[in-house]
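Add chain V to chain D, keeping to what the hints say.
There are 2 protein chains.
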Amino acid sequence: MRYYPDPGKAIDLSRLNRVIEESFAEHARGRVQMPPKMYVTLPRGDFRTMPAYIPSLGIAGVKIVNVHPENPSRGIPSVMAITIILDVDTGAPRAVLNATELTDMRTGAAGAVAAAHLSPSRSVSLGLVGSGKQAKSQVQAIEKELDVREVLVWSRSEKNANTLCTQLSHLECRTSSLPKVCDCDVLVTATPSREPLVRDEWIREGTHINAIGADAPGKEELDPAILMRARVFVDDPVQAAHSGEVNVPISSGLYSMDMIAGTLGQVVIGEKKRMSRDEITVFDATGLAIQDLAIASVALKDQDGIELAFP
Amino acid sequence: MRYYPDPGKAIDLSRLNRVIEESFAEHARGRVQMPPKMYVTLPRGDFRTMPAYIPSLGIAGVKIVNVHPENPSRGIPSVMAITIILDVDTGAPRAVLNATELTDMRTGAAGAVAAAHLSPSRSVSLGLVGSGKQAKSQVQAIEKELDVREVLVWSRSEKNANTLCTQLSHLECRTSSLPKVCDCDVLVTATPSREPLVRDEWIREGTHINAIGADAPGKEELDPAILMRARVFVDDPVQAAHSGEVNVPISSGLYSMDMIAGTLGQVVIGEKKRMSRDEITVFDATGLAIQDLAIASVALKDQDGIELAFP
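Heads up: the sequence lines are chains D and V, in that order. Using the working numbering, the first residue of the first sequence is number 1, and each one after it goes up by one. Using the working numbering, the first residue of the second sequence is number 1001, and each one after it goes up by one.
Pulled out of the complex, with its shape left as it was, chain D reads as follows:
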């Protein structure tokens, strides 16, 4: 068994996008095993346990990830993750990966796969609502798939928005007002919001939206009216209804599961698609265990870990 303290450092993002895409395709083909994500509540947060097996990638294991919103005030990240990989043949534990950075990267890669398939054009203006680590991961993954002409960033903190633009200095990046950021080809929302930030009237025809922030019951970033006039794809219907962007409108009766157009996996294998250049498309991401295994498979191929005696 080996431990990988920094498994994200050598990952090629283009290759990662392809392996993540493959995992979604296998999901759509019904060729993966992935029991529902399980939540355990702790006094100041929760942790989620995510087992899966992807036969085509020859990888099986479990990601364990916490969400503790108060941690940053104590100098600790709010989200930390660890992934255990088992040998598919014998069931023996093979690897323990620090999966905190991998979680950001695999979420970015899913957004890139969605944008690659659903963007209205190959050359795009990219809007970012939120300027945290995930906003950055989305840009880094999406620019491997699309020609990003410009990036517009809005954040509650103008300072954080400026910092992100500095980090993306290889791109044409600037901060702007929320309505102007939303006037783009590909919009990424990546905030912890519990009320809609993006108004329906700010979204023009043809926009593709990666709705990333909502990942727990009660969270939402988009005016439900956007969902009503958009073609909405999810990573997994059950998880999306429980904790994705659609969870609040479904709970309130404004939206229903039968309005979901399909899964990202179905888009990847060509079963579902954007139907016209003018329609709005939404990818509602909650995060799947198969993404965690897919990125682990990439990380493990490129690196040697630290040997741990087992038994």
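Please keep in mind that the hints were generated in silico from the structure rather than gathered at the bench. A portion of the hints provided could be inaccurate.
To list a few chain V residues with every Cβ distance to chain D over 12 Å, as calculated [unchecked claim]: (1) Asp1006; (2) Asp1046; (3) Asn1066; (4) Asn1162; (5) Leu1168; (6) Leu1300.
Among chain V residues calculated to face chain D with C-beta under 8 Å, some are [claimed, not checked]: (7) Thr1041; (8) Leu1042; (9) Pro1043; (10) Gly1045; (11) Val1062; (12) Met1080; (13) Ile1084; (14) Leu1086; (15) Pro1093; (16) Trp1202; (17) Met1257; (18) Phe1310.
Since the structure is predicted, the reported quantities are computational estimates derived from the model, not experimental observations. C-beta atoms are modelled at their ideal positions from N, C-alpha and C, and glycine is treated no differently.
Chain V in isolation, oriented as in the chain D frame:
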């Protein structure tokens, strides 16, 4: 984060029995969180993911354990386990434990807790059906609770039965025929059998049975007639119906969940008990995630692990 390659080596078995007992009591009081054990099927076996949180012990985490029956022919254990412990306050990964031996030990401890509460007497003859690692763990844990006057062992392999007796040389131990082994005060069945080995007519009034072997659908060790005339306690009713000793008789309609007398936790807190010296009692063990956390809490208190950089 620390790695513990051999966390069972310093555990005091009497203390372990008390902490395992406490975890069952908390389970009965409804004060633990434990989502259902999740199964993922691999080509030659499966793995199970077991998250939990025990507030009273201040411990949260996940055990991951495989079952690969063909492994021993390749020189690899059929069951290997790893436990991840998270900081209850922050959700940060705190410890990775090699949990293969711990799994045997915590199963033995549960059997000892059951025997301590349900045995017809303090001084007992102990029968063992099966002579593997779990049979030994049961004896080692039970002898901390009861005065074990003699141990009788039956195994398909006479050689293995003799080896176990040699290992238990501090006790009066000998091998015997299956019917004679079953004529005892406390009987432990710990085989991978898929058909009843223990006949109803071999079990005398007053016997307590720890039915340990059945831990997956299709497995059973006892003639269902024994269950019909016994007071049957389980670790968890849902898990027992799915994969415990009662799973086959429930599937075939011979037995039903409403015939289960209660849980071991209810016995520990005094809500349920053996009603007379003459009745037969059965403890049907499937193995709970809270046991894995309980033993981890004991192991972590007594040992220093190997520091792993995280992140």
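Is the interface hint satisfied for V/Pro1093? The criterion is a beta-carbon contact with chain D at less than 8 Å. For V/Pro1093, the interface hint holds, since the closest Cβ of chain D sits about 5 Å away, which is under 8 Å.
May I ask you to check that V/Asp1006 keeps its beta-carbon over 12 Å from the closest beta-carbon of chain D? violated, 7 Å
Is the shortest C-beta separation between V/Met1080 and chain D less than 8 Å? The hint holds - V/Met1080 has a Cβ within 8 Å of chain D, the shortest such distance being about 5 Å.
In terms of Cβ atoms, is chain D entirely out of 12 Å range of V/Leu1300? At roughly 16 Å from the nearest Cβ of chain D, V/Leu1300 sits farther out than 12 Å, so the non-interface label holds.
With a cut-off of 8 Å, does the beta carbon of V/Trp1202 approach a beta carbon of chain D closely enough for the hint to hold? violated, 35 Å
Would the least Cβ to Cβ distance between V/Asn1066 and chain D come out above 12 Å? For V/Asn1066, whose nearest Cβ neighbour in chain D is about 3 Å away, the distance does not exceed 12 Å, so it is violated.
Would you check whether V/Val1062 satisfies its interface hint, that is, whether its CB is within less than 8 Å of any CB in chain D? V/Val1062 check passes; min Cβ-Cβ to chain D is 5 Å, inside 8 Å.
Holds or violated: is there a CB of chain D closer than 8 Å to the CB of V/Pro1043? Because about 7 Å separates V/Pro1043 from the closest Cβ in chain D, which is inside the 8 Å limit, the hint holds.
V/Leu1168 non-interfacial with respect to chain D [C-beta, more than 12 Å]: V/Leu1168 clear of chain D: closest Cβ-Cβ about 23 Å, beyond 12 Å.
Under 8 Å is the threshold here; is the Cβ of V/Leu1086 close enough to any Cβ of chain D for the hint to stand? With a minimum Cβ separation of about 6 Å from chain D (threshold 8 Å), the hint on V/Leu1086 holds.
Please verify that hint: V/Thr1041, Cβ, nearest Cβ of chain D, below 8 Å or not. Nearest chain D Cβ about 6 Å off; hint holds.
Minimum beta-carbon distance criterion (8 Å), V/Phe1310 to chain D: Interface hint status for V/Phe1310: holds (5 Å vs cutoff 8 Å).
The earlier numbered hints that this structure contradicts are 1, 2, 3, 16 and 17.
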